[in-house]
Amino acid sequence: GQQVMQIPQYQHVQEGEDFTTYCNSSTTLSNIQWYKQRPGGHPVFLIQLVKSGEVKKQKRLTFQFGEAKKNSSLHITATQTTDVGTYFCAGREGKLIFGQGTELSVKP
Amino acid sequence: GAVVSQHPSWVICKSGTSVKIECRSLDFQATTMFWYRQFPKQSLMLMATSNEGSKATYEQGVEKDKFLINHASLTLSTLTVTSAHPEDSSFYICSAHPYGDTEAFFGQGTRLTVV
Numbered sequence: 084g085q086q087v088m089q090i091p092q093y094q095h096v097q098e099g100e101d102f103t104t105y106c107n108s109s110t111t112l113s114n115i116q117w118y119k120q121r122p123g124g125h126p127v128f129l130i131q132l133v134k135s136g137e138v139k140k141q142k143r144l145t146f147q148f149g150e151a152k153k154n155s156s157l158h159i160t161a162t163q164t165t166d167v168g169t170y171f172c173a174g175r176e177g178k179l180i181f182g183q184g185t186e187l188s189v190k191p
Numbered sequence: 003g004a005v006v007s008q009h010p011s012w013v014i015c016k017s018g019t020s021v022k023i024e025c026r027s028l029d030f031q032a033t034t035m036f037w038y039r040q041f042p043k044q045s046l047m048l049m050a051t052s053n054e055g056s057k058a059t060y061e062q063g064v065e066k067d068k069f070l071i072n073h074a075s076l077t078l079s080t081l082t083v084t085s086a087h088p089e090d091s092s093f094y095i096c097s098a099h100p101y102g103d104t105e106a107f108f109g110q111g112t113r114l115t116v117v
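Quick note, the sequences are listed as chains A and B, same order. Here the first sequence stands for residues 84 to 191, where the numbers follow the working numbering. Here the second sequence stands for residues 3 to 117, where the numbers follow the working numbering.
Isolated chain A, as found in the complex (with noise of 0.2 Å):
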């Protein structure tokens, strides 16, 4: 079945370095979605990608989708402690399939 794949599990970063977490699939998304979660929260969604190579920005948070709908990632410049929690990665294939999360944790 289908996998999505996330990379790095845990990052730690002092307040104003920058973070990128890295999404895969195992096979071509329709679209790809992300989403938050602050510890012992919900999911919250933050954007969703459809177009091939697509590049959206909010803020200090930038999501790209790969050419071939396979990969995708999420960068945030200069981090700050409002951005603690764990960011998903999710591909849509009828029902949604989440990656393994990236935990970020800033130092301030």
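Please note that the accuracy of each hint is not assured.
[Unchecked claim] Result set (DSBU-like, lysine-lysine): computed pairs, CA atoms no more than 35 Å apart in a straight line:
no.	chain 1	residue 1	chain 2	residue 2
1	A	Lys134	A	Lys178
2	B	Lys43	A	Lys134
3	A	Lys153	B	Lys43
4	B	Lys22	A	Lys178
5	B	Lys57	A	Lys119
No wet-lab data here; the hints were simulated from the structure.
The hints should help you fit chain B onto chain A, whose structure is shown.
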């Protein structure tokens, strides 16, 4: 955005008892809802797809007789963990997609502890 409400937020039960978790769509109708389980520091694993008025679709390896799903109305799906055991302790969370093939809205989740 749409609101999905899940209840209870946490529950502690004795081994062998059953626990029911409710998932409600408050401002939209959901013909389909999804139930996930999440162990600490791990990803969300889809357990089953709940379909209003019909049987749920379970993922491979999920026991349908242990995790009973009922979706009797367009705004309510329930997950019952039957004869719970300590290994069933986990974070259970539901979701729905009110706007078609776009974002999922999640309930607050239910932390189940079986003692």
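To see whether the hints hold, each was checked on the structure:
1. A:Lys134 x A:Lys178: Since the Cα atoms of A:Lys134 and A:Lys178 sit roughly 19 Å apart, the hinted pair holds (cutoff 35 Å).
2. B:Lys43 x A:Lys134: The given pair, whose Cα atoms are some 31 Å apart, holds under the 35 Å limit.
3. A:Lys153 x B:Lys43: Answer holds: A:Lys153 to B:Lys43 is near 25 Å, not above 35 Å.
4. B:Lys22 x A:Lys178: It holds: about 24 Å lies between the C-alpha atoms, which stays within 35 Å.
5. B:Lys57 x A:Lys119: Status holds; Cα separation ~31 Å.
Figure legend: structure checked against the earlier numbered hints; every hint is met.
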